[in-house]
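Trainee: Listed here are the chains, written in short residue letters.
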Amino acid sequence: MLVAGAAAVAGIALVRAARSAPPNPDGWFAVTVETEPSRLTGPDRPDELARLSERHEVRIKPAPGGRGSEIAVREADGETRDRVRKLKQLLETGEVLLVDQQPEGHRTPLGRVGVPAFRHLTRKGVR
Amino acid sequence: MRALCWTGVNELSVENVPDPGLLNRQDAVVKVTASSTCGSDLHLLDGYVPTMMAGDVLGHEFVGEVVETGPDVRERRVGERVTVCSIIGCGRCHYCKEGLWSLCDNSNPNPGFLETSNGHAGAAIFGYSHALGGFAGSHAEYVRVPYADVNAFPVPENVPDASAVFASDAVPTGWMGADLGEVGPGDVVAVWGCGGVGQMATLASLRMGADRVIAIDRFPERLAMAAEMGADVLDYGDVDVLEALKELTGGRGPDVCIEAVGMESHGTGAQYAYDRVKHALRLQTDRGLSLRQAIHACRKGGVVSVLGVYLGVVDKFPMGAVMNKGLTLRGAQQHGHRYIPMILDRMSKGEIDASPLLTHPMRLEDGSRGYELFKKKQDGCVRAVFRP
Ligand SMILES: NC(=O)c1ccc[n+]([C@@H]2O[C@H](COP(=O)([O-])OP(=O)(O)OC[C@H]3O[C@@H](n4cnc5c(N)ncnc54)[C@H](O)[C@@H]3O)[C@@H](O)[C@H]2O)c1
Ligand SMILES: [Zn+2]
Ligand SMILES: [Zn+2]
Chain R
8 MLVAGAAAVA
18 GIALVRAARS
28 APPNPDGWFA
38 VTVETEPSRL
48 TGPDRPDELA
58 RLSERHEVRI
68 KPAPGGRGSE
78 IAVREADGET
88 RDRVRKLKQL
98 LETGEVLLVD
108 QQPEGHRTPL
118 GRVGVPAFRH
128 LTRKGVR
Chain X
3 MRALCWTGVN
13 ELSVENVPDP
23 GLLNRQDAVV
33 KVTASSTCGS
43 DLHLLDGYVP
53 TMMAGDVLGH
63 EFVGEVVETG
73 PDVRERRVGE
83 RVTVCSIIGC
93 GRCHYCKEGL
103 WSLCDNSNPN
113 PGFLETSNGH
123 AGAAIFGYSH
133 ALGGFAGSHA
143 EYVRVPYADV
153 NAFPVPENVP
163 DASAVFASDA
173 VPTGWMGADL
183 GEVGPGDVVA
193 VWGCGGVGQM
203 ATLASLRMGA
213 DRVIAIDRFP
223 ERLAMAAEMG
233 ADVLDYGDVD
243 VLEALKELTG
253 GRGPDVCIEA
263 VGMESHGTGA
273 QYAYDRVKHA
283 LRLQTDRGLS
293 LRQAIHACRK
303 GGVVSVLGVY
313 LGVVDKFPMG
323 AVMNKGLTLR
333 GAQQHGHRYI
343 PMILDRMSKG
353 EIDASPLLTH
363 PMRLEDGSRG
373 YELFKKKQDG
383 CVRAVFRP
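Going down the list, the sequences are from chains R and X.
With the numbering used here applied, the first sequence covers 8 to 134.
With the numbering used here applied, the second sequence covers 3 to 390.
Okay, chain R solo, but in the shape it has when bound:
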C-alpha cells in the first residue's frame, strides 16, 4: 500500500503523470546524451532511433559545452518517452537497466497491482 498521507502527494503526481501524457501534444520531449551527434545521424545510427524517426519528427543537435547531443522527439506520448529514455541508457551504459524482478516481501493485493502500475506510469513520466 502507498504510505498514508504521502499517498496524497504520490496520488497527485500519478494522476498528473497519467493526465499529462503528453502535457503539450505538439511539444518536444528532449534528452541529452553523452555521445557525438555523428553517432546519431550517420547511416549506422542506432536502429531504435531510426524506428523513432519513422513515426516522429526527431531533431538531433550538439549540446553546448561538450555535453554530447540533444535528442528531441516531437509528439512523444508516454510510451515514446520511455523508449527515448531507454535509448539514452543504451547509448551511455550499453544496456537498459531492469528492476522488475527484485526480491520483495509479501505484497498486499493493492501492492500487487500498485507496484507494476506505478512503474508503468513513472516511466512514461511527465515533463
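Treat the hints as calculated values from the structure; they're not laboratory data.
Predicted model, so just to flag it, every value in this text is computed and none were measured.
For every residue, glycine included, the Cβ atom is placed at its ideal position computed from N, Cα and C.
Mixed in with the good hints, there may be bad ones.
To be verified - Here are some chain R residues pointing at chain X (derived, C-beta under 10 Å):
1. Val38
2. Arg46
3. Ala79
4. Glu99
5. Leu104
6. Gln108
7. Thr115
8. Leu117
Unchecked claim - Facing chain R, from chain X, some residues (calculated, C-beta under 8 Å):
9. Leu102
10. Pro111
11. Tyr274
12. Ser357
Using the hints provided, position chain X with the ligands relative to the given structure of chain R.
Mentor: For chain X with the ligands alone, kept in the frame of chain R given last:
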C-alpha cells in the same frame, strides 16, 4: 533468503523473500555481511517518503562479499570484500563523469515521480522507495548491485566491517558536507545533528583543518562522541543556539553551517509546535527548524551545506537571510563515489575510524527492535547494524 521489509508506517517484518539474481550484464550479487540503519530510513519508516509499498526490502548502507558477477563486470571479482555506495551511479552519464554521482541520469528507471515534484530525477538509492528506483535494499542476506564496477569498492583487508560499512553512506555524506562548504584552516564550522552523518561531518571538518567545530544536538551520548573527536558542543535543549553561536564566534556566526538533521527536525518552542502540526497534516512536506536556524546563524557570505534529507517544500523558508547575507546554499544526496576510495584508504591507514558509530550490532531477525532503538535513540544507539 531472509530480508527486513517495510510493511507500513512504523511497521517492519523479517520475511522470506526470493534471492536476487543478475538482471543486467553489469550486475553483481553481494552477500551482505553488515547493513546499517540510517537516519534516512526513519523518513521512510515514518511515512514521509511516498511510494513505499508493503513488502519493500529496506537498507542502503552496507558491506559484503561479491558472490556472482555478470558477464560485463570487469573490475570486481567473486570473493572480493566490498563496500557498496548507497547511491547508485552508472559511471557514464554526464553527471557521473563530473563526480556528481547522486545526480546520475541512468540509475533510476522510475524518474517520472521526481520529475513531477522536483523538475528532474536524480540517482536511485538502494531500498529507498519506488520513486528512487525501486531497488531492493541491503537488510537481507544478498543484494543485487547494478553497475557493480563503479558502485562496489574493494575494502582493504585491515579495515573491519564495523568501520567499512559506514564508508557506504555516513562517512562520505559527512565528508561531502564539509567539502561542499569548502572547509579549510581558520574556519569555524557548526554542525546541526550528531547522528552518524553529523559525527562524520564533524570528523571531516576537523580533518580539513577547521579551526573549530561546534556540534549541536540534545542527546548527551551523541554530544560526548562529537566532543571526543575534538568538537565543542551545544545542547539545544539547554541553550539558545543562535545566541550561543554568536557568542562563540565573536558575533560573526559560523563560516560554514552543516545541516545534518533533515525534514523531521525536532525543536523547542512555538515554531516547533507549528511545524509539527503542519507536517502531521501534510500541509508542509518537511519540517525546517534546523535548516532555518543554520541559515539564521551563518556568517555573512558563509556557506550552508545541507546534508539532511528534504523531500518537498519547507514552510517559512528565510529567503531574506539567504539573499541579504549573501549566503551560498548547497546540498545533495551524497556523491559517495567521489570520496569512498579515499575514505577506505584513510581507514586502512588508521586516519579514520568510523566504528564508534556502531553501537548496536544485531541479528537481521531483530531488525524491528534495532529500528526502534535507533529511532527513539534509546540505550545510546547511534547506529544499529545487522549481520544477516
Ligand atoms: N545527503 C545524503 O546523502 C544523506 C545520507 C545519509 C543521511 N542523510 C540524512 O542526514 C540526516 C541525519 O542522518 P543520521 O543518520 O545522522 O540520523 P540520526 O537520526 O541518527 O541523527 C539525527 C540527529 O539530529 C538531531 N536533531 C534533531 N533535531 C535537531 C535540531 N533542531 N538541532 C540539532 N540537532 C537535531 C537528533 O537528535 C539526532 O541526533 C537525515 O535527514 C538523513 O536522511 C543524508
Ligand atoms: Zn543513508
Ligand atoms: Zn550516471
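Trainee: If a hint holds in the structure, say so; if it doesn't, say that too.
Mentor: Status of each hint after checking the structure:
no. : hint   : result
1   : Val38  : holds (8 Å)
2   : Arg46  : violated (14 Å)
3   : Ala79  : violated (16 Å)
4   : Glu99  : holds (5 Å)
5   : Leu104 : holds (5 Å)
6   : Gln108 : holds (6 Å)
7   : Thr115 : holds (5 Å)
8   : Leu117 : holds (8 Å)
9   : Leu102 : violated (13 Å)
10  : Pro111 : holds (5 Å)
11  : Tyr274 : violated (20 Å)
12  : Ser357 : violated (29 Å)
In the structure shown, a violation is registered for the earlier hints numbered 2, 3, 9, 11 and 12, in ascending order.
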